[in-house]
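A.B. asks: The primary structure of each chain is shown beneath.
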Amino acid sequence: MGFTRETDHGTPPALVTGRNVTLTIDGEQVTLPEGTSIMRAASLSGGSIPKLCATDNVESFGSCRLCLVEVEGRAGYPASCTTPVAEGMVVRTQTERLKQLRRGVMELYISDHPLDCLTCAANGDCELQDQAGAVGLRDVRYGYDGATNMGQPKDQSNPYFDFDPSKCIVCSRCVRACDEVQGTFALTIEGMGFNSKIAASQNDSFLASDCVSCGACVQACPTASLIEKKVVETGTPDRAVVTTCAYCGVGCTFRAEMRGQELVRMVPWKDGKANRGHSCVKGRFAWGYAQHQERILSPMIRASVSEPWREVSWDEAIAHTASEFRRIQDKYGRLAVGGITSSRCTNEETFLVQKLIRQGFGNNNVDTCARVCHSPTGYGLKTTFGTSAGTQDFDSVEQADVILVIGANPTDAHPVFGSRMKQRLRPKNGKAGAKLIVIDPRRIDLVKSPHIAAEHHLPLRPGTNVALLTAMAHVVATEKLYDEAFIRTRCDWDEFQDWADFVSEASRSPEAIEPLTGVRAADLRAAARLYATGGNAAIYYGLGVTEHSQGSSTVMAIANLAMATGNIGREGVGVNPLRGQNNVQGACDMGSFPHEFSGYRHVSDAAVRETFEAAWGVTLDSEPGLRIPNMLDAATDGSFKGLFIQGEDILQSDPNTHHVAAGLAAMECVVVQDLFLNETANYAHVFLPGSTFLEKDGTFTNAERRIQMVRKVMAPLNGYGDWEVVQLVANAMGLGWNYTHPSQIMDEIAALTPTFAGVHYDRLEAEGSLQWPANDAAPDGTPTMHIDGFVRGKGKFVVTDYVPTDEKTGPRFPLLLTTGRILSHYNVGAQTRRTANTAWHPEDRLEIHPLDAENRGIKEGDWVSLKSRAGETTLRALITERVAPGVVYTTFHHPDTQANVITTDYSDWATNCPEYKVTAVQVGLSNGPSDWQEDYAEQARQSRRIMTVEAAE
Amino acid sequence: MAGAHDSDVMSTADRLVHMANQIARNLEAEGDARAVEMTADHIRQFWDPLMRQRIVQLALDRPGALSPIAAAAIERIAAA
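One line per chain: the protein sequences are A and B, in this order. Numbering of the first sequence is given in my numbering, commencing with residue 1038 and proceeding in unit increments. Numbering of the second sequence is given in my numbering, commencing with residue 2 and proceeding in unit increments.
If you're looking for bench data, these hints aren't it; they were derived computationally from the structure. Careful, some of the hints might be misleading.
Restraint ranges, calculated between C-beta atoms of paired labels, are given here [claimed, not checked]:
| no. | chain 1 | residue 1 | chain 2 | residue 2 | range |
| --- | --- | --- | --- | --- | --- |
| 1 | A | S1659 | B | L61 | 51 to 61 angstroms |
| 2 | B | A80 | A | E1880 | 53 to 63 angstroms |
| 3 | B | E76 | A | G1965 | 32 to 42 angstroms |
| 4 | B | A80 | A | E1650 | 28 to 38 angstroms |
| 5 | A | A1702 | B | A80 | 31 to 41 angstroms |
Computed far set for chain A versus chain B, every beta-carbon distance over 12 angstroms [claimed, not checked]:
| no. | residue |
| --- | --- |
| 6 | A1236 |
| 7 | L1372 |
| 8 | R1498 |
| 9 | W1530 |
| 10 | L1765 |
| 11 | D1825 |
| 12 | E1897 |
Which chain A residues face chain B? A few, computed with CB under 8 angstroms, are given here [said to hold, decoys possible]:
| no. | residue |
| --- | --- |
| 13 | S1341 |
| 14 | T1656 |
| 15 | S1659 |
| 16 | P1661 |
| 17 | G1662 |
| 18 | S1676 |
| 19 | D1734 |
| 20 | V1836 |
| 21 | D1838 |
| 22 | A1947 |
All C-beta atoms, glycine included, are put in the ideal place defined by N, C-alpha and C.
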């Protein structure tokens, strides 16, 4: 069968009121929710009224006049997209008069549209073409001699899509998608009447405009006016497979539209509950890395990292890996080896890596990159609520009245959720927008963007989160803004009182801490009052909360505020960590931490251990293992010698690069399983080629605890899915695994993990997704947690004492550096740097306030050196008032910048999550790359050499 | 290359002492007795056996390096 798009019902679903109406459409009686448009009603009952300007991603507009219908008892021909159904209505969608009217409308459209259908990229996938067919257009009476909009130059500036104004029918679907769905307001209609044209920003090219390249406009375009370059190049797809994006923790689902084994385009899936049919530039467009020429497809080994790599067979690489780990354990002891699971890989793959370590290595030395991002979330929410995860689903934001964003930049780092948040922040259908509080050292885009202005932006000094949140608690407690009934039933009243006494001390008031945080006491008080009394209040936070020496305390301070104000346990409220990686929630759930099994159960729990011992047939270690930084310390001390790393680049992503490098260099066997020779691979002895998310089956779990299917759409270029590679290693170590499909791994996870007991592939296929816990107690999963009681029983108020970080500014290092991500790139950039996304961000830049720049004689674009106690690098300056004086900011997407040369090894007190967000630095003019950068580039070049094998005679 | 840089990275021993003190300091507001108990628990739950052995030894080797709460917690770990 041929390719079809998802059905477009023309207008969005009606707001839920619970009331239905019954009407007759073309003689058929149908019953539908009130508020539904006639167009949607007809579509839902199997019909299709011709349309051009309507699409169900955006509100109806009523401009094209193609969707006219007749309604008995009403004069004229109402547009079916803007006319709601009514009780007893009798609608006719196809009459002689309607046919005539529609043909007339179509004739006008086509008279100003090129008739190059056969060579047009949208041929076969064009709504204009389809509708011309549907209305029976046979002739265009107006000729082509008059004024036309044809023959205009194309705008091909965007790396992923073209804009051809000649093919535009000015339906404004792109403009509305940009406004309503994405919320960027980059497109406008310029001019009037026949001269109206779509323009990006003030007639900029698409690339130079405010456009964020989310592609919503391209998806909305009914012609070839906005079309993917890849479709122009390849042709239309012939099949579609629904799968889950492998970038951030939003977990957008897409239809991967294929022709044979070739991916033609990714189109967000409208039924996806995380993204609701939207996407960002990364998910929709930045997948070219999967076929990038730098991808390594053959296993490689080498005896020492000073040698070039030698390509070997899979058999040799696997046997070598197994024998090296056994050799090291024989020589240095059972605890001398460990592994790192990947938040980029599937739940099933992550589960297998930790199983390899616990069952095969016989220790608990397993950790995951959540160590460096959300481990404090795990600790903090488990302590206060009893579950190491966010409390809501994303839909919940639609019910929020107050949104508090702290230490997160959703429009860059979680763009699709950022757009959904913006939809709620703008007034819609007569409902006022939610009020916004932003707590962030930088003036992030959300603070002020088209039709959105934060009620309060508290630009705190980096490192003072706990002081600030405790001061908010001070206001809540002293002004008695707390929800006593909630606290008495859901928490321990005495514990609350202890906490309230603590936060109420004068030294913790907004006024007392103002000199510390730099936030005006009056603003802080107003923000606290709004949060406590503004209705449903939801907190969204990111790594600006966790990546601090008091990351865990900050998470608990957030939880305290939510409990004290009763903002937990229903829609529209809650504590929502925005997880960084596609499967970081899943990696944590799957037992990737050295102290716990899947489902967050401590390894010292004998009853839990016994279930795993029975299933795996070995005795398991009851002692916690090493966390990543502890592994590196043990390596430099000589007691840790072998590391299996699946899909993580610790050299670039972990703090204090010098220390990481020294740790890796001290090991005898470092195995890197990855798509590319990443920075860590410079120190590796074995390289096992990895597979992309397009090449294997499995599941990812997003920030909402939503487990979604990842489906294989093409064969792995490297020969194996990552789960198969781990199984080969395990079997070479004698573990006797025999999984033939990832579904069997999920069955094992379900059998061993109470919160996953109801998670099986057949259920996921049927439901589309499940939010854990999904078990007998919650067969359909759990969109909102802690509804009738906290998972731990009573919610726990934890006293969070502000302890300043040991990383202090002084005369040598007077500025504070904080780090973050940008929309077009993803973490270490291994993927996005290998796509056309570099068009937006070819290098990391240092954001610096004009005052600090002027004091140092720095001008826009100058090369500057960035020095901390840990190291030095250089990059170019970007002068901006987004950062406050005294604060500088950079991204860490490019290995030649290596922002983590600068970051220190201070970390969160409870979890060792690194303090990426606070580093004391000095900035000065520089001539170019530092010695470290030059040495590093040379070392990287040397260590990436691959021995070329002479062709056999 | 890494060695050529004059960074002030802590030694593993210094870092363990720093970590123990940091845990104790963050739990201090719970009151001394509870803070000692919670610090000891925390270290038992999250530090691997070799790290625990090492901090016990460091407590003996470096009197005064640990804060009173941290020192009392480590004593408990040593006694167990």
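A.B. asks: Look at each hint and say if it fits the structure.
C.D. replies: Here is what the structure says about each hint:
| no. | hint | in the structure |
| --- | --- | --- |
| 1 | A/S1659 x B/L61: 51 to 61 angstroms | violated (26 angstroms) |
| 2 | B/A80 x A/E1880: 53 to 63 angstroms | holds (56 angstroms) |
| 3 | B/E76 x A/G1965: 32 to 42 angstroms | violated (54 angstroms) |
| 4 | B/A80 x A/E1650: 28 to 38 angstroms | holds (29 angstroms) |
| 5 | A/A1702 x B/A80: 31 to 41 angstroms | holds (38 angstroms) |
| 6 | A1236 | holds (51 angstroms) |
| 7 | L1372 | violated (7 angstroms) |
| 8 | R1498 | holds (20 angstroms) |
| 9 | W1530 | holds (18 angstroms) |
| 10 | L1765 | holds (28 angstroms) |
| 11 | D1825 | holds (29 angstroms) |
| 12 | E1897 | holds (30 angstroms) |
| 13 | S1341 | violated (16 angstroms) |
| 14 | T1656 | violated (16 angstroms) |
| 15 | S1659 | violated (10 angstroms) |
| 16 | P1661 | holds (6 angstroms) |
| 17 | G1662 | holds (5 angstroms) |
| 18 | S1676 | holds (7 angstroms) |
| 19 | D1734 | violated (34 angstroms) |
| 20 | V1836 | holds (5 angstroms) |
| 21 | D1838 | holds (4 angstroms) |
| 22 | A1947 | holds (7 angstroms) |
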